[in-house]
Every structure is written in C-alpha cells, then in structure tokens.
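Enquirer: Let the sequences and hints guide you as you build the complete structure.
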Amino acid sequence: MQVQLDVVKEIEIDLSREGVLRALGSPSTNSNMAADLDRAIEEAERLAEPRALLRSLPIDETGRGRVVFAGGARITGKMLPHLFDGADGGIFGLTTAGPGIEEAVRELFEAGDSLEAFVLDAAGSAIAMDALTQIITDVVDELDRTGSKAGYCLVPGSSYWELSGQRAVFDALPTERIGVRLLDSMLMLPQKSQSVLIPFGKNIRVHGDPTASPCRTCNAVQCPMRSEEFAGEITIP
1 MQVQLDVVKE
11 IEIDLSREGV
21 LRALGSPSTN
31 SNMAADLDRA
41 IEEAERLAEP
51 RALLRSLPID
61 ETGRGRVVFA
71 GGARITGKML
81 PHLFDGADGG
91 IFGLTTAGPG
101 IEEAVRELFE
111 AGDSLEAFVL
121 DAAGSAIAMD
131 ALTQIITDVV
141 DELDRTGSKA
151 GYCLVPGSSY
161 WELSGQRAVF
171 DALPTERIGV
181 RLLDSMLMLP
191 QKSQSVLIPF
201 GKNIRVHGDP
211 TASPCRTCNA
221 VQCPMRSEEF
231 AGEITIP
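Sequential numbering of the sequence shown, starting at 1, is according to the numbering used here.
Honestly, the hints are just simulated from the structure, not real lab data.
The calculated label-pair distances, taken between Cβ atoms and stated as ranges, are: (1) D85 to D14: 31 to 41 angstroms; (2) T146 to G179: 24 to 34 angstroms; (3) K78 to L115: 37 to 47 angstroms.
In the DSS-like style, the derived pairs of lysine-lysine whose C-alpha atoms are separated by at most 30 angstroms in a straight line are: (4) K202 to K149; (5) K78 to K149; (6) K9 to K202.
Think of the CB as a built atom: it goes at the ideal place given N, C-alpha and C, for glycine as much as any other residue.
Expert: In structure tokens:
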C-alpha cells in the first residue's frame, strides 16, 4: 500500500448542528438553542486547525499478545495478534482539531459563560471526530484501490487495547509535526485529538468496515466524543 508517510494532511471542516448535538449527547434541539449552536459552529470553524498524520508500517513480528512493527512500534494485548492475523501491516493515524478551541473554552468557563463553553467544546469534539472519519475513509479508499482489505479500526483505550497503546502510536508517528503530545496519563494535548490503528493486507482474516464508528467497539463509556453506544468486544470469526 502506497500511503504517504509523515505528511501533514490538512482537513476540511464540515460542521453541522447534528454533529455538535451528537457530541453534546443530545438527539435534538429546539429553536432556543439553534442560535447557540450556530454561534459555536462559526467560532469553532474560525479557531480550529484540523490536521492529521498517517503512516503505514509493515509487521516485523507477531507473537503471543504482541505485534511489533518496523521501526520498533509495539502493541500488546491478548486479542491484538488475532486481529492482525494475515495482515501485512498497520496504518497508524492521528488527528487533531488544534489547541484554539480548548483555549477559548477555558476562557469562557473562567468568564462564567458555561453554556457557551459547553457548546463550543462539543463543536471541537465534533471536528475531531469528523477529521478521524475523513482519514479513515481515505485509508479505506486507498486500500480498495490497491486490492487490500482493512481490518477493524483499533483505538487505544478500548476493550481489546489498553490506553497505554497510545505510546505505540506516538512511537510510530512524528506527532510534533501537528502539535500533539502525550501526557503521562496517556491522554493527549490538545484534548481534541484522536488516534487510530488499522490492520491491512490482501489476506487479512479479520476484516470489517473501519469507516463504521469505532465507538461501537470502544468501552470508554464516559468519552465526550462518543457517537454510538458500546456494542461489545469484537468477535473473531
């Protein structure tokens, strides 16, 4: 697969009221809130700097509870070798909405504008999720073009991959190029950032639709970016 390595990808923003509402955990709105949503969308689009990194790495070694990639990035977890069964490699990805929205949200809270802060924060979450969806779609399109299959969209902090898996993502990617750093807590700054790993290969055994929401297989139930309910662990056929 010929995925460009270490290239900063600029992301087009396509915010909608519906996307912000999903990030707020609200299925609908009323006319009183419509103006707040529109203001938040306008401000988020002005402040956001959505960017992404992608890197495709071949597998060096697969063993019990581990997968090791060229360059030394290593993921561990009981289920992960099964999800890479027959895979040629993995595509590491990272997206961010940038720091501007979070700084504005903090200022709004400090000024006592809690409602505006919550809605703007949700708009930032919606941008981060949209950026992730866009790069996953790009990956799937490229895999289809080259005759490879995509595996499940793997997210650190899910039922099959502990949050410490963030270290592997940061080992694999030059994250400083888009201004994202990893904290000791395994959370990222800016917080409106998302990481992902997609197994791929012509003969991969466990494959699915990575463009489907990764929330379905992620048990981080309190995540503010959750767009769907947790549907349980991946079942290996």
